[in-house]
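Q: Position chain B relative to chain A; hints supplied.
Protein chains: 2
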Amino acid sequence: MSEIVNRRDLDFLLYEFLDLEALCRSPRYDAYDRVAVDEILNAAQVIAEDKFLSFAAKLDATEPLFEGGKAICIPEVKEALDAYAEAGFFAAGFDEDIGGLQMPNVLCLAMNGMFSCANHSVFGYSMLTTAAANMLDAFGSDEQKSVYLPPMLEGRWFGTMCLSEPQAGSSLSDIRTRAKPRADGSYSISGTKMWISGGEQEISENIVHMVLAKIAGGPEGVKGISLFIVPKYRVNADGLPAEKNNIALAGLNHKMGQRGITNTLLNFGEGGETQGFLVGEQHQGLRYMFHMMNEARIAVGHGAAVLGLAGYLYSLDYAQHRLQGRHPQDKDPSSPQVPIVEHADIKRMLLTQKAYVEGALALVLYCAYLLDRQKTSDDVEAQKQLGLLLEILTPIAKSWPSEYCLEANKLAIQILGGYGYARDYPVERFYRDNRLNPIHEGSHGIQGIDLLGRKVRIQDGAALKILAGKIKETIAEACESEFADEAGVLGSALEELTRTTRTVLACNDIALRLANATLYLDATGHIVIAWMWLKQALAVPRKIAGTHSDSAFYSGKHAATRFFFRYELPKVFPNLKIVASLDDTALNITPKEFIG
Amino acid sequence: MSEIVNRRDLDFLLYEFLDLEALCRSPRYDAYDRVAVDEILNAAQVIAEDKFLSFAAKLDATEPLFEGGKAICIPEVKEALDAYAEAGFFAAGFDEDIGGLQMPNVLCLAMNGMFSCANHSVFGYSMLTTAAANMLDAFGSDEQKSVYLPPMLEGRWFGTMCLSEPQAGSSLSDIRTRAKPRADGSYSISGTKMWISGGEQEISENIVHMVLAKIAGGPEGVKGISLFIVPKYRVNADGLPAEKNNIALAGLNHKMGQRGITNTLLNFGEGGETQGFLVGEQHQGLRYMFHMMNEARIAVGHGAAVLGLAGYLYSLDYAQHRLQGRHPQDKDPSSPQVPIVEHADIKRMLLTQKAYVEGALALVLYCAYLLDRQKTSDDVEAQKQLGLLLEILTPIAKSWPSEYCLEANKLAIQILGGYGYARDYPVERFYRDNRLNPIHEGSHGIQGIDLLGRKVRIQDGAALKILAGKIKETIAEACESEFADEAGVLGSALEELTRTTRTVLACNDIALRLANATLYLDATGHIVIAWMWLKQALAVPRKIAGTHSDSAFYSGKHAATRFFFRYELPKVFPNLKIVASLDDTALNITPKEFIG
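The listed protein sequences correspond, in order, to chains A and B. To convert, note that position 493 of the first sequence is 493 in our numbering; the numbers rise steadily by one, no gaps. To convert, note that position 421 of the second sequence is 421 in our numbering; the numbers rise steadily by one, no gaps.
Just so you know, these hints were derived from the structure itself, not from any lab. Hints are supplied without guarantee of correctness; some may be wrong.
Since the list gives no way to pick out one identical chain from another, each pair is judged satisfied if it fits inside one copy or across any two copies.
Keeping only pairs whose Cα atoms sit at most 27 Å apart, straight-line, the calculated DSSO-like set for lysine-lysine is [said to hold, decoys possible]:
id: 1; residue 1: Lys145; residue 2: Lys180
id: 2; residue 1: Lys58; residue 2: Lys592
id: 3; residue 1: Lys384; residue 2: Lys180
id: 4; residue 1: Lys592; residue 2: Lys543
The following block holds chain A by itself, in its conformation from the complex (with noise of 0.2 Å):
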């Protein structure tokens, strides 16, 4: 079993969960057929496994230096993404008329996780380059686009995205960068950004900043903020990187986790001018950033659960070798010791990690289908529908793997014990690692706060609504299965779901409505992840004989379904009934009261 992918798992996600081979018959994707996405999976594979994983241990171990206002990382970062460049990869997504590879979203996404489980530090180079490449793409002139996405789509040239400053992390209302006119139309850029992955390397050619910053005379707050194209290096008339910007590289900063990837406090503007390139139009930087932000959350949840994935990996293949202990009815010390994975406490560390893992895989792979059924459909109608419910579906496919997968690496350090606590073993770095995903693009409780006070409340509810009719006609399949009762359960957490959010929104006090928000957004989670479970066991053939060779896959998907709804639904009631009494214990608390 390779350490980064469970390819059994992967094409039942993409094959019989989700139907890909449908979605290569529609002609945006039609260069692609099933023989083609494996041989991709299988190249992707390859590299991830050869360039990534090999030295993920090693880099967490040697961070970054800031050396003489340069950020040094070890060679093999540079390696690994020459070689993640020369197969194509960053281009997979794009279109072809701008030299893409058009890859369907969700098998951009599938291919990436093998990356991002392999090392994920050096995979968050790429995924900020494609991020701040597809930005551009949508909203960039078409000079902009002919100077800057050339060069990042073969990964010559990186991206990354400026939105935070030491005072401004959630409320961007905040920012004090400054964007000033300058007579050619460009802007002179000024101020400090904070927490910038990529901010400043010495692996690419150039960097490409996406910057949030204001104008002078700009309305206050989100209104005013504009988004512009600030380069490490100045671009020539040839289309080459030439003088520097100023943008000087004030710090690193020292991770818990994902030490692989330059974090870097940024000034702009400082020893001379910085020059920026306004993207669209003025004071509607925060649109443009939004529009990207359900592709980022989800890339967030993804990464997420393919740590998740890795942990889980690791832990199993531990479990079935490590011996100690005996079954609890063998009271013969000389007895051999059995491996581990026969213990009933560490099978329900593994199943809770099967779960969680490839519960979280299931969503965010949903979405990225969801993206790709968008883009191919030609009717308004259902692309409108696909738009809605993956905006509800965003803050979950965000939050709800990031939570529950640094829940799973937790349980992975735990089934191998003291090794599991040491250094030598990778699964407490993943927990590391994965301990940012709760906080970046949009902490836990931001998502909570979209969800709740946003998403539930567009075209007066039609997002929960087409959300709740898919969930539905899972029910209503499973109804005819053996799922039936797991259907039952599903059903009612549903009902409870849409009485919690009508009694919520009718409240007419808004810092009481949103009091409980996370805690909503944490059991839509696991009923989205339910839902997510049952599809999963309906998606298994009917009639599977216990000699097939895929028939132990296939009982453990319906294993672990039912574990979920036994385990793992259940928690929803009693989070409903608090959010449903618009509880106010953790509002009225004032400061005195936490010491006295």
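A: Chain B alone, transformed into the frame defined by chain A:
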């Protein structure tokens, strides 16, 4: 506010929740009164802040080095432990007749909590020394005590516990370290011990290892384990360290957290004979070890609780000073930002931490207080009852804080956001340090088996009956208070626990009976902590005017009680339902089903 203790809360726990003053009136502890106790705590706080807290971050970043067979720490470690020794704290809990200060256990725990919170790794050396000395005091011969106890109580010699081996962690039955009788009555010890904290260092003048080993010809399994004193340096006729005893440091383990204390792989009998001295009788080693286990396990729970406290205090302070965002009802971006402690979700995360941390602290101090009551009681029946109560509370006092105060640390990181994920702030260190606690001193799963497989079955359920009786006393009292509703829910939960226990114990299949032992442990833990909160709520004086200087402190206790009962206790019911159903989903899964 100190970063290592909330003295107001500690006073509440010692004097209002428990009755330390009454304890100090017993002949055993009458050298102490409230004035003396306060002075001790004051003195300890100063040393803990000046000598322990001051370099905790530096120590985490500067692991002990393995140099020429030695383990080298930064000099601050020795300076800290010297200050602790000079204050007499190594001897705090020991009887006066052997040179101890004969402090109440609950006071020792309260005092040591400040050191453990300030610098968890360094405190480990003193905790292990005290534990080893305790065991010697209980089971050593007079001669052994006269040789080893004085330098240990003076903090000149440190102690360790050598149980685990590379192939035997949870399964002590399978240890292979051998003890061969020598002509002079001592033993020749050979074998390898793993994960030995403090197993080698250059801080103390000698190291007294308490080693489990097997004497040839003894019974198989745990019945053939004996306990030995094995000093690093042999002790000469004057009681001074003399020649080396051939214990080789084979390596240092590099851990995720708790990096300040050496964690070692030791080879006994390498390069010459290692002499060991039998403690008590042959083959009774595990019994002796278990005699001390209750205190050691409560100490682990306490360590987890104070690490939780460290994160709580830090994130609370941060939340009061970090400005970010506005109230949801405030749509004016030019209005000033508010401290994040004003946001509902931050309050929820702080209140969750408070509920976990102060609930856990109450439990571990309560356990220490029970020990004191046992020691000061002259009623044999009462002593027996206290002993049984301690037996059943021990797995909970060990596991619940380890699980939930780790969760508290996760929330502390979340409150600090990106800053929390950076190593410049201490909260990620607390999280890394705390991750060990569910693993060592009997893993979380082992505690579940201890509770459901042993403790609830002692004397036909006598221990559980005593615990239930105590909880019912509190419920009865609460029924007459404003917490009558909470008392009712706790009563239902307790009933459900009793019913579930009966159902599970009636099952003849031991594997099935124990299959969900961890869930049983967690549910019982939540019930016990709810009880601790109800007891705290009742310890609040009935009439506190709003202007009273303590009114915020007391109303905070009430808020945390309500919070625990509303947000946490209801989680017990779905968990107990699974346990009672003897669910075998996890038990029956086969290795092949995990991945196919």
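Q: Against each hint, give a clear statement of whether it holds in the structure.
A: Structure-based check of all given hints:
1. Proximity of Lys145 and Lys180 under a CA criterion of 27 Å is satisfied intra-copy only: 23 Å inside one chain copy versus 79 Å between copies.
2. Neither within a single protomer nor between protomers do Lys58 and Lys592 lie at most 27 Å apart by alpha-carbon distance, with minima of 46 Å and 32 Å respectively.
3. Taking the shortest Cα distances, Lys384 and Lys180 never come within 27 Å of each other, neither inside one copy (38 Å) nor across copies (80 Å).
4. Within a single copy, Lys592 and Lys543 get their C-alpha atoms only as close as 63 Å, which misses the 27 Å cut-off; across copies the closest is 19 Å, which meets it.
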